[in-house]
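*Asks:* Guided by the hints, dock chains B and C onto chain A, whose structure is given.
Residue strings, one per chain:
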Amino acid sequence: MTFIQFLLQQAINAISIGSLYALMAIGLAMVFGILRLINFAHGDLIMVGSYTALLMLVAGAPFWAAGLVGIIASALAGLIMERVAYRPIRGAPDVAMLLTSFAVTIFLENFAVLLFSPTPRPFPAPAILGTALQFGQLRVASVDVVAIIVAGVLLVLLTFFITRTEVGVSMRAASQDLLAARLMGINVNRVIAAAFAIGSMLAGVVGLLWSVRVGKIDPLMGFYPVLKAFVASVIGGLGSLPGAVLGGYVLGILEILLQGLLPSSLTPFRDAFVFVILIILLLFRPNGILGTTEREKI
Amino acid sequence: MLKLENVHVYYGHVHALKGITIEVRQGELVALLGANGAGKSTTLMTISGLLRPRSGSITYDGHDLTRADPYDIVGLGAIQCPEGRRIFGGLTVQENLLMGAVRRRDRQAVRQDLDWVCSLFPVLGQRLRQTGATLSGGEQQMLAIGRALMARPKLLMLDEPSLGLAPLIVQAIFDVIRQLHEQGVTILLVEQNARQALQVADRGYLLETGRVMLSGLVTELYANPEVERFYLGGAA
Amino acid sequence: MGDRIQQAEMAPKVMGLRERKPVLKPNVLAVLLLSVLLIGGLAATDLAASAYVQRVVIGLGISIILVVSLNLSNGFTGIFSLGHVGFMAIGAYTAAILTLPVSLKQVNLPDLPAWLGRLELPFLPATLIGGLLAMLIAFLVGLSLMRLSGPYVSVATLGFLVIVQVVLVNWDQVTRGARTFSGVPPHTTLWWVWGWAGLTVYVIWRLARSAYGRQMMAIRDNEIAAQALGINVMRSRLLAFCISAFFTAVAGSLWAHFIMSFSPKSFYFAQTFSIITMLVVGGMGSVSGSVIGTGFVTLLSELLRNAERGINLGFLQIPPIYGASQILMAVIFVLVIVFWPKGLLGERELNFERLWGRLRREEASDRHG
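Chains as they are written, first to last, in numbering that gives the first Met the number 0: chain A, 0 to 297; chain B, 0 to 235; chain C, 0 to 368.
Excised from the complex, chain A in its bound form (with noise of 0.2 Å):
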């Protein structure tokens, strides 16, 4: 293999996860522009839509009934934790918003522990996103191209969202000014319940890609992904759509340019690396990349 056709498949692979990193990360930056809420149980829904899955997979659905479901069943997972938890503390400070959402995550994952068993069970991929398609020299997973894919598509049928249809307007809007927005009578629950419902579609379909990808799925599995989406986030800028795209490209680059270029005794440290450099950006711009330098107003 040729070092282009090496660049090349590490490129597919970065940009791969990127999609994956940058689908989450919206789902995030979506809540936390209106409300200031840091989501930690976001990747709690992945493993729900992915347990859903599973579960119509084993009780003979075909894949892609399966996986519809799982992901309708992580938007109403993520309705529900918004009107159950989140709405009683809306306007409480940032602090109790961001404990709750840590809270709803031990009771979600510990829930799913005493439901499932702790132990991870196969997730059996469909024929073609199991195989690898080959170009000459070039090997490439097909579930990359398939996410890649996805992303693409769904980040074109987002942005139509938020620049075409009032409730999208309406969203970026209330994440600009909320109490501007109040002001001009937007119902900012259902703009909120959107914000919600979209954020946790794409977490679902996030769910499936990743579970697909490793291979098996466990309670727990929501706990790296979100971690990485909230690097994602905070690298592009907290609250912003596009720093949200951006921040998990570059954390998908980023990673797989660690994997490649430290030492073999290093490469495990890599997470570590990671967030030394996230501190490092947050030095030079406190705000993420895209985020605003704007001072606090008076």
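Just to be clear, a hint being listed does not mean it is correct.
Short, incomplete list of chain C residues facing chain A, as computed with Cβ under 10 Å [claimed, not checked]:
| id | residue |
| --- | --- |
| 1 | Ala-113 |
| 2 | Leu-132 |
| 3 | Gly-149 |
| 4 | Pro-150 |
| 5 | Leu-157 |
| 6 | Gln-164 |
| 7 | Ile-275 |
| 8 | Val-279 |
| 9 | Met-283 |
| 10 | Ala-323 |
| 11 | Gln-325 |
| 12 | Ile-326 |
| 13 | Phe-338 |
Not close to chain A: a few residues of chain B, all C-beta gaps over 12 Å, as computed [said to hold, decoys possible]:
| id | residue |
| --- | --- |
| 14 | Val-122 |
| 15 | Leu-127 |
| 16 | Ile-168 |
| 17 | Ile-172 |
| 18 | Val-175 |
Just the calculated beta-carbon pair ranges, DEER-fashion [claimed, not checked]:
| id | chain 1 | residue 1 | chain 2 | residue 2 | range |
| --- | --- | --- | --- | --- | --- |
| 19 | C | Leu-334 | A | Phe-283 | 23 to 31 Å |
| 20 | B | Val-122 | C | Leu-334 | 20 to 28 Å |
| 21 | C | Leu-28 | B | Gly-11 | 28 to 36 Å |
| 22 | C | Ala-306 | A | Ala-10 | 50 to 58 Å |
| 23 | C | Pro-109 | A | Leu-265 | 19 to 27 Å |
In case anyone wonders, no lab produced these hints; they're calculated from the structure.
Since the structure is predicted, the reported quantities are computational estimates derived from the model, not experimental observations.
All C-beta atoms in this analysis are idealised placements derived from N, C-alpha and C, irrespective of residue type, glycine included.
*Replies:* Relative to chain A, chains B and C alone:
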């Protein structure tokens, strides 16, 4: 049309409004004057439903607004153009204006109103595709007022439209306010710039540390030596 | 406008800071009385109580140190650190490595650098070194983190926790990696723990009441106003962060020598959440609140943990549900945040003088009524 009776509002422990009684009749332009911190913005925020009075009542057009939600209040046509403009910087001028009409259901009329607002403020029409953050202060104020007008307000509440703007632009904005008043829009105008406000208003209230100190027709207020001394810049 | 609404609420608080009364006689009396009771209680526990009760009391003491020091950073300065357990790990591992007998070191940690492999320190120096190391790391990390605000600082401290975890899991020669670190000599006793707890509470109490404390609270309430007043935000925050890291690491060492074997997983999210729960229940910004909140939550979780093994009420049998206590704690946590967002004591301290005054007023009204 709008009546506040003995309204008390608290921010936590701070007693911000201490029994405000204000009335705005149909078609009037009423000015709410007073220094910084007198409670003018608090009054508008309470009317708009973002603050809840601890006691007292607010009636508007026959409806009791005291415990109402901003969503419903806007639905009844009581629209506020907040202090500091608060336009959506990341949205385009057009999107900002359309956000003003978000509560309305009549698509066709909304389109017409967009044209009307652009005729009132031609500069907005020229910058429809630009983002709000790229506008100058005066243009942002026009955008904010235009956005409020897009809601077809029955009661328009303006909070310090002249704040931080050059005199020429202030003049232009007050010309528009005068125009709207002539067209019959009921307006409640909060202003620190008492001179400008009294030039366009029918009646005025003077607020001081949460209380209504003076009220009356503009001619009466002009004649009052207190107003003259403290708010109009001293004896002529 | 929303900012003005927030600011108006700040006004009485900022003014209140200057009116804080010095500690008056009834409070001093009460504290002395409580101390005597505490020492008596500890002695009784040491001599007469069962091993189980002793363990709970030791655990309680360690939790108090953890929660009160976290309060210093989270409650008083408003930097919501999610990574403090990282300092606990640093304290635990450092002290444990230092106190581990040389013979065990040769078996468990054969790849330790020679000078370390020959070292075996007594409990107090090892603990102190652990604390100081954590403080140093807090200083270095804090230099970059303290400039951040709001959610960014929380995510960054979370990053710190992950970094510590990754280092612990991968630095095999020194930490045994993901494997259990065992054989730690059981140096921790009731007296060590509560001695340190008393010191921690005293230091942080004094700090909160000092000029530094007032600065920190001013920063927490309104950072911009504090800067305008000339308060060096960076320095105050860094100081609080470092001191709280020290005590957290000490607690880690105490815990390590109590539980005698642990792994990196012991210092991750479950631990973080349980400490934060105690902090929130007691009230962020109140030292006495932290103590009471910790006691309350510890008691509750012990009860729940016993219930996990199944309850036999004679007519009703609830089967064992392992993990139920965690779930219940999470639910209780959400309930507390929704209904008592300020926790048991909020930002006020337990004030005996006020209680005394209220009691006497009730007495008086009884007589007249």
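*Asks:* Each hint: holds or not?
*Replies:* Outcome of the hint check:
At its closest, the beta carbon of C/Ala-113 sits 21 Å from a beta carbon of chain A; the interface hint therefore is violated under the 10 Å criterion. The beta carbon of C/Leu-132 comes no nearer than 18 Å to any beta carbon in chain A, farther than 10 Å, and the hint placing it at the interface is violated. For C/Gly-149, the interface hint holds, the least distance from its beta-carbon to any beta-carbon of chain A being 6 Å, beneath 10 Å. With 10 Å as the threshold, the beta carbon of C/Pro-150 comes within range of chain A, its nearest partner Cβ sitting at about 5 Å, so the hint holds.
At about 7 Å, the closest approach between the beta carbon of C/Leu-157 and any beta carbon in chain A falls short of 10 Å, and the interface hint on this residue holds. This hint holds: C/Gln-164 has a C-beta 8 Å from the nearest C-beta of chain A, less than the 10 Å allowed. Restraint check, C/Ile-275 versus chain A: the minimum CB separation of about 6 Å is within 10 Å; hint holds. A cut of 10 Å between beta carbons decides the hint on C/Val-279: the least distance to chain A is about 6 Å, and the hint holds.
The restraint placing C/Met-283 at the interface with chain A holds, with a minimum CB-CB distance near 8 Å, inside the 10 Å limit. A cut of 10 Å between beta carbons decides the hint on C/Ala-323: the least distance to chain A is about 8 Å, and the hint holds. A hinted interface residue such as C/Gln-325 counts as satisfied when its beta carbon comes closer than 10 Å to some beta carbon of chain A; here the least separation is about 4 Å, so the hint holds. Satisfaction of the interface hint for C/Ile-326 is found here, the shortest Cβ-Cβ separation to chain A being roughly 5 Å, below the 10 Å cut-off.
For the restraint placing C/Phe-338 at the interface with chain A, the shortest Cβ-Cβ distance is roughly 9 Å, inside the 10 Å limit, so the hint holds. Annotated as non-interface, B/Val-122 keeps its C-beta farther than 12 Å from every C-beta of chain A; the closest such distance is 21 Å. A cut-off of 12 Å between C-beta atoms confirms that B/Leu-127 is not in contact with chain A; the least separation is 14 Å. At the 12 Å boundary, the C-beta of B/Ile-168 stays outside the reach of chain A, the nearest C-beta of that chain being 21 Å off.
Here B/Ile-172 stays apart from chain A, with its beta-carbon at least about 19 Å from theirs, past the 12 Å limit. Non-interface status of B/Val-175 relative to chain A is upheld: no Cβ of that chain comes within 12 Å, the nearest being about 20 Å off. A hinted range of 23 to 31 Å for the beta carbons of C/Leu-334 and A/Phe-283 is inconsistent with their spacing of about 41 Å. In this structure the hint that B/Val-122 and C/Leu-334 lie 20 to 28 Å apart at CB is violated, the actual value being about 54 Å.
At roughly 34 Å, the beta carbons of C/Leu-28 and B/Gly-11 sit within the given window of 28 to 36 Å. The hinted window of 50 to 58 Å between C/Ala-306 and A/Ala-10 holds, with their beta carbons roughly 54 Å apart. Range check, C/Pro-109 to A/Leu-265: about 22 Å between beta-carbon atoms, so the 19 to 27 Å window is met.
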